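J.: Spelled out from the first residue to the last, the chains are:
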Amino acid sequence: MTPVTSPAPTVQRPAGTGRPALSHRLAERGIDRTLLLLLPGLVFLIVLFIYPFLYGLGLSFQPPHSSDALYNYKKFFSDPYQRDTIWITLKIGLPAALINVLAAVPIAYRLRGRVRGKRLLTTALVIPITLGTVLTAIGMIEYFGGTGWLNKILIALGVTDVDHPVPLLHNYWGVMLSLLVSGFPFAFLLTLSYLSGIDPSLESAAATLGAGWWQRFREVVFPLLAPGLAMTFCLNFVLAFSVFPSAVLLGDPERSTHVISIAAYDAAYQEYDYSKASAIAMVMAAVMLIVISVVLFARGRLYRGSSGGKG
Amino acid sequence: MSTVSDAEPVGRRRLIGRPSTWITWAVVAFFFINLAGVVGSVVVKSFSTQWFGTWWPAGFTTQYWSEAWHEFDLSQVLIVTLEASLAVVVIAAVIGVPAAYALARRRFPLKRLVMLVFLLPVMVPPIAYGIPLATVLYKYNLANSLTGVILANLVPSVPFVVLTMTPFIEQIDPKIEAAARMCGATTRSVFLRILLPLLVPGVLAAAVLVLVRTVGMFELTYLTAGTDSQTLVVALYNAYYGAGIRAPQSTDAMAVLYMVTMLVLLVIALRFVNPTQLVTRVADDRDSNA
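Chains as they are written, first to last, in my numbering: chain A, -5 to 305; chain B, 46 to 335.
Just so you know, the hints here were simulated from the structure itself, not pulled from any lab data.
It cannot be assumed that every hint is accurate.
Only pairs whose alpha carbons sit at most 25 angstroms apart, straight line, appear in this in silico DMTMM-like list of lysine to aspartate or glutamate [to be verified]: (1) K69(A) with D193(A); (2) K68(A) with D193(A); (3) K69(A) with E213(A); (4) K156(B) with E22(A); (5) K220(B) with E22(A); (6) K184(B) with D62(A); (7) K220(B) with D26(A); (8) K184(B) with D155(A); (9) K69(A) with E265(A); (10) K156(B) with E248(A); (11) K146(A) with D246(A); (12) K85(A) with E248(A); (13) K156(B) with E116(B); (14) K85(A) with D73(A); (15) K184(B) with E116(B); (16) K184(B) with E265(A); (17) K184(B) with E213(A); (18) K69(A) with D246(A).
Nothing here was measured: the structure is a model prediction, and the numbers come from that model.
Could you build all of it, start to finish, from the sequences and the hints given here?
T.: This is the structure:
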């Protein structure tokens, strides 16, 4: 912690005796002892994040029962049960993230100013996020079950009858609903914080010039919000793509919600084939990176100005 | 923020029109009614004697609470949860705050790369790096233990502290430190008497957020915990996954215990931070004075 002062090498040198000391030149570029403070953090992440990742990557090319380095990947992509996990995951993750963002925008837009009960609402919305996916899944088992309150209400309303409760568990919809419960508050709070980063005087100016609310939203607020929305979508997608506890507890983990994280988990902890598990984890990371880079590439083409919030 | 709302006259809202207001609040209300149903079902069931096919259980009892306490060895589970999360909070702060200081105060070559290293673990979902990480921990015999749980949970926590603290330290004026040095303070006393008091609110906020995240972190703990190093959320998942012979009320009792733990932590957290900070990864100084 020695900022600001580095007294040693500032002494005047006789002309022509070469350059200042190395430490001085480094300090001019911002390298001094303060940077040592970074070391513990960096070393920790290199050892426990980067190294495991590279180790997993290497391991995925060393299948235990084959000399073919690409064996795990070939097997994954040739076996429909394994390969389809990608589509199953995308089919759950993309709509979930999209619905969450689309639902969050109008509600956040309504609540962007000073609205009564806003603090209460944001606090209440943090609750499902804090409770987490496991507890949400457990609550949904009770609530959405054939004899749960939801079906009771639907039966009372005449939507369905006792013998045919609406099936919301152990299928695609159970997982989707759990992603909406945990994802919507997340998307909403992010969108709200992006919206509050947009200078409201821009909107006032548009209003002064005679723009209606729709025109103001479409031509002023939305373009400024779009980069933030792209980010919100990405973070929501990442959450949805790695869905695990709810896919097991609420879904149909063998078939229609056999998502890629279940495949990776089973490979590691049911078959004890860490090589295969690492390969699946790498595929998972790759697919996720592809989707995110497509979204972020599209976002890069959007306006990113000074008033665009934290784009 | 304060100037924001002044610019929004009441008349503006009327332009948007009544129906959209109604729809907005209806969607929000629908969400909360169902959320209340989800949470309420668990709470009611944990206290019920018998509840099948009716609107309301036949009677109430706390019998399953004591059963759950013994059956799942909840005191042990709570101790593990407490130990693991406190260790994670302390270690993450000790490693993360100095790194945040360096990042906030210095510009140096490759800074963007260093920032990327700190950003990645927060962006990549736990299950994607958790499996390789668990494999490495098993290889060095660190998994299946409290150490493994702590190490795994530190991976997203250290970057989280760094990313929350960097903007916080940036807004502390470096001239204060410079002035202290001009007055002859040593590095030690600059740190202890100038920086530390200024850092305390930021560190507390970061710590409480890490605490909430660690207690609620399922994936990484699940992948690295052994039978005697389960945290509450993992024990809860396992109880449901292996449900069958037990009375469902006792697993629900554990779920309510977890819920109460998280809500208490949430109330504590909200004393230090804004709700949005529990979501966004980086502290938002714009909102902090709202």
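J.: Each hint needs a verdict: does it hold in this structure or not?
T.: Do the hints match the structure? See the list:
| no. | hint | result |
| --- | --- | --- |
| 1 | K69(A) with D193(A) | 53 angstroms, violated |
| 2 | K68(A) with D193(A) | 52 angstroms, violated |
| 3 | K69(A) with E213(A) | 50 angstroms, violated |
| 4 | K156(B) with E22(A) | 15 angstroms, holds |
| 5 | K220(B) with E22(A) | 19 angstroms, holds |
| 6 | K184(B) with D62(A) | 23 angstroms, holds |
| 7 | K220(B) with D26(A) | 18 angstroms, holds |
| 8 | K184(B) with D155(A) | 55 angstroms, violated |
| 9 | K69(A) with E265(A) | 15 angstroms, holds |
| 10 | K156(B) with E248(A) | 45 angstroms, violated |
| 11 | K146(A) with D246(A) | 23 angstroms, holds |
| 12 | K85(A) with E248(A) | 16 angstroms, holds |
| 13 | K156(B) with E116(B) | 51 angstroms, violated |
| 14 | K85(A) with D73(A) | 19 angstroms, holds |
| 15 | K184(B) with E116(B) | 32 angstroms, violated |
| 16 | K184(B) with E265(A) | 17 angstroms, holds |
| 17 | K184(B) with E213(A) | 56 angstroms, violated |
| 18 | K69(A) with D246(A) | 23 angstroms, holds |
Hint compliance for this structure: hints 1, 2, 3, 8, 10, 13, 15, 17 are broken, all remaining hints hold.
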